[in-house]
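Peer 1: Listed below, chain by chain, are the residues.
Protein chains: 2
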Amino acid sequence: MKAWQDKIRSVVPYTPGEQPNRPNMIKLNTNENPYPPAPGVRDVLDHFDEDRLRLYPDPTAGTLVGALADYYHVGKDQVFTGVGSDDVLAIAFMTFFNSDKPIFFPDITYSFYPVWADLFKVPYETKPLKEDFSICPQDYYPANGGVIFPNPNAPTSHYEDLSVIREILDHNQDVIVIVDEAYIDFAGESALSLLDDYENLLIVQTFSKSRSMAGMRIGYAIGHPELIKAMNDVKYSFNSYTMSQTALALGVEAVRDDVYFKACTAKIRATREKAKQAFTDLGFTYPEPGANFIFVTHPDYPAKELFAALREKDIYVRYFDKPRINNYLRVTIGTDEQMEALFAFLKEYMNR
Amino acid sequence: MKAWQDKIRSVVPYTPGEQPNRPNMIKLNTNENPYPPAPGVRDVLDHFDEDRLRLYPDPTAGTLVGALADYYHVGKDQVFTGVGSDDVLAIAFMTFFNSDKPIFFPDITYSFYPVWADLFKVPYETKPLKEDFSICPQDYYPANGGVIFPNPNAPTSHYEDLSVIREILDHNQDVIVIVDEAYIDFAGESALSLLDDYENLLIVQTFSKSRSMAGMRIGYAIGHPELIKAMNDVKYSFNSYTMSQTALALGVEAVRDDVYFKACTAKIRATREKAKQAFTDLGFTYPEPGANFIFVTHPDYPAKELFAALREKDIYVRYFDKPRINNYLRVTIGTDEQMEALFAFLKEYMNR
Chain X
1 MKAWQDKIRS VVPYTPGEQP NRPNMIKLNT NENPYPPAPG VRDVLDHFDE
51 DRLRLYPDPT AGTLVGALAD YYHVGKDQVF TGVGSDDVLA IAFMTFFNSD
101 KPIFFPDITY SFYPVWADLF KVPYETKPLK EDFSICPQDY YPANGGVIFP
151 NPNAPTSHYE DLSVIREILD HNQDVIVIVD EAYIDFAGES ALSLLDDYEN
201 LLIVQTFSKS RSMAGMRIGY AIGHPELIKA MNDVKYSFNS YTMSQTALAL
251 GVEAVRDDVY FKACTAKIRA TREKAKQAFT DLGFTYPEPG ANFIFVTHPD
301 YPAKELFAAL REKDIYVRYF DKPRINNYLR VTIGTDEQME ALFAFLKEYM
351 NR
Chain Y
1 MKAWQDKIRS VVPYTPGEQP NRPNMIKLNT NENPYPPAPG VRDVLDHFDE
51 DRLRLYPDPT AGTLVGALAD YYHVGKDQVF TGVGSDDVLA IAFMTFFNSD
101 KPIFFPDITY SFYPVWADLF KVPYETKPLK EDFSICPQDY YPANGGVIFP
151 NPNAPTSHYE DLSVIREILD HNQDVIVIVD EAYIDFAGES ALSLLDDYEN
201 LLIVQTFSKS RSMAGMRIGY AIGHPELIKA MNDVKYSFNS YTMSQTALAL
251 GVEAVRDDVY FKACTAKIRA TREKAKQAFT DLGFTYPEPG ANFIFVTHPD
301 YPAKELFAAL REKDIYVRYF DKPRINNYLR VTIGTDEQME ALFAFLKEYM
351 NR
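Protein chains in written order, with the working numbering: chain X, 1 to 352; chain Y, 1 to 352.
Take these hints with a grain of salt, some might be off.
For lysine-lysine, the following DSBU-like pairs were computed, each having C-alpha atoms within a straight-line distance of at most 35 Å [what the hints assert, rightly or not]:
| no. | chain 1 | residue 1 | chain 2 | residue 2 |
| --- | --- | --- | --- | --- |
| 1 | X | 2 | Y | 76 |
| 2 | X | 121 | Y | 101 |
| 3 | Y | 2 | X | 121 |
| 4 | Y | 76 | Y | 276 |
| 5 | Y | 262 | Y | 229 |
| 6 | Y | 121 | X | 76 |
Hints listed in this document are in silico derivations from the structure and should not be mistaken for laboratory results.
With the sequences and hints as input, model every part of the structure.
Peer 2: Given below as structure tokens:
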């Protein structure tokens, strides 16, 4: 070993999820939206003044923050934006989880929570979800350094009613509670309606799913102005200019077109309803899905084998080789045609 | 104070540099390129398939990494990309500066080095530049946890010959040495030619200056495959998808058009030569500029007053109220017309 090598930070190398891109493949593995972004996005690209690219973007992301504030009827000082919700969540971890007590999150959850906790040296404890994958609010009563959970949950797709979130907030008035609503637009009511009652609530959302913009890397947080200011202080302190000119311009357009947004999410919900029935007909079970994916298991067909068989046919779904969920498949809701191809194969494979 | 407030990380709030944008203003304060990006960028915007935005970008940034590897005649495994060189540098700090010994950098330097050192709890010592703002290589001989410096320096614009860099590397074989070449395309030879001789050398560059793309947020590092792999491991471990689809597509185009790139940087160098003469004629002195800016001082006119007077006329330059440099102005090289307007005002103001 050379001497300089021992200065290198050792991390568990993480392999990003497969992003294959072959014609005719059916890509139901990363919860992307099967439909393109709002049609106005084409227009924004066509009229984007390329000369602007020579200038630094507005570090406050003012136009996008304004569009989001208008859309959600909150103040501009209540909105933070970042390079995808991963960036927003990482900054939130840095900003809010600074206690000697462990933060709490579910045992089955978004895989990056323990990663950021390790990275920023935040102690944590996981709280087991119930058998049906719902949260047991009492688990979050003990003293802690902060709480975070996804709602709907990833990867189970289970959606918790706001009453559960209220109960967790009522017992956690001394810490910041983060609700990661990456998939909320496919589920029930957002916790945004709780902001007036809870100053210590931060809600994180993304353009990657419901707004068909995973490729643009746009996420945001909404909360009390003091929380947003603290996040901006941390962000500005180490990288002021993160949102590109194109992300700002295209993001604003995606927020502006609410008609398209509502139609698109409604279409995916409708396809999800049909998919539920088709999975049931084939003998699968699943927690009631609240997201743009469904988390299925079958009593007779091991998930790992189904995963491999689907992949052979260029149908990509997601399999997690982790405790409690290693007999499940996470299947993104694609177009009706994609889902029909999936079910046609499954029927054949299962001889139904 | 509410109990949750004490969980918030306290940072020294940083106010990002002014990014005013008024018609007729002359913006020479943030070292942006006065010319638009390569003309092919327009074409890429026109033909960009907006449907792709619904998909996650390639986490390896393969197309952009490939374009940079081809351009610089290095392996694809020698190139790392990030959201501006600030992102690249921050990840480099995390990845390589993990020693109990302090890292070394100049006392007059890019203002974010001490910020990242504090953020990642990296001890550091600054080494005073000589009176003429050049590096004293002997300062970097003692044992340390790593070395970083900008070449050309920001904000002095002074360029160090590769012999100086070689000397520093020869005395620092046990740590990673980072040369921050944000402005190298306006100066002399890049330290890229030293990569074959020094495995522990990392070079960081950016699209923000010479490639007219501050608004797209693209930076990169080039070094030994082992260094690049370590940076990717760290990056993937906390945020895999940072380079947007548009950044990748537009970035590739900017690298492809070498004729435009060379013409654009040559034009700025020519304007810089004229600006040097004009500053000299007005009695200013400056270190020989190697970047797209010039760092000027005047024996009779305090920099702070000149800064204010220029600003009154909507001519923005940069003033740093810091020890040793608080009688200097950092003036970005704009177009010939912008520089003529600057000098016309200065002549009038100074009654010359």
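Peer 1: Against this structure, judge whether each hint is valid.
Peer 2: Cross-check of the supplied hints:
| no. | hint | verdict |
| --- | --- | --- |
| 1 | X:2 <-> Y:76 | holds, 23 Å |
| 2 | X:121 <-> Y:101 | holds, 21 Å |
| 3 | Y:2 <-> X:121 | holds, 24 Å |
| 4 | Y:76 <-> Y:276 | violated, 39 Å |
| 5 | Y:262 <-> Y:229 | holds, 31 Å |
| 6 | Y:121 <-> X:76 | holds, 33 Å |
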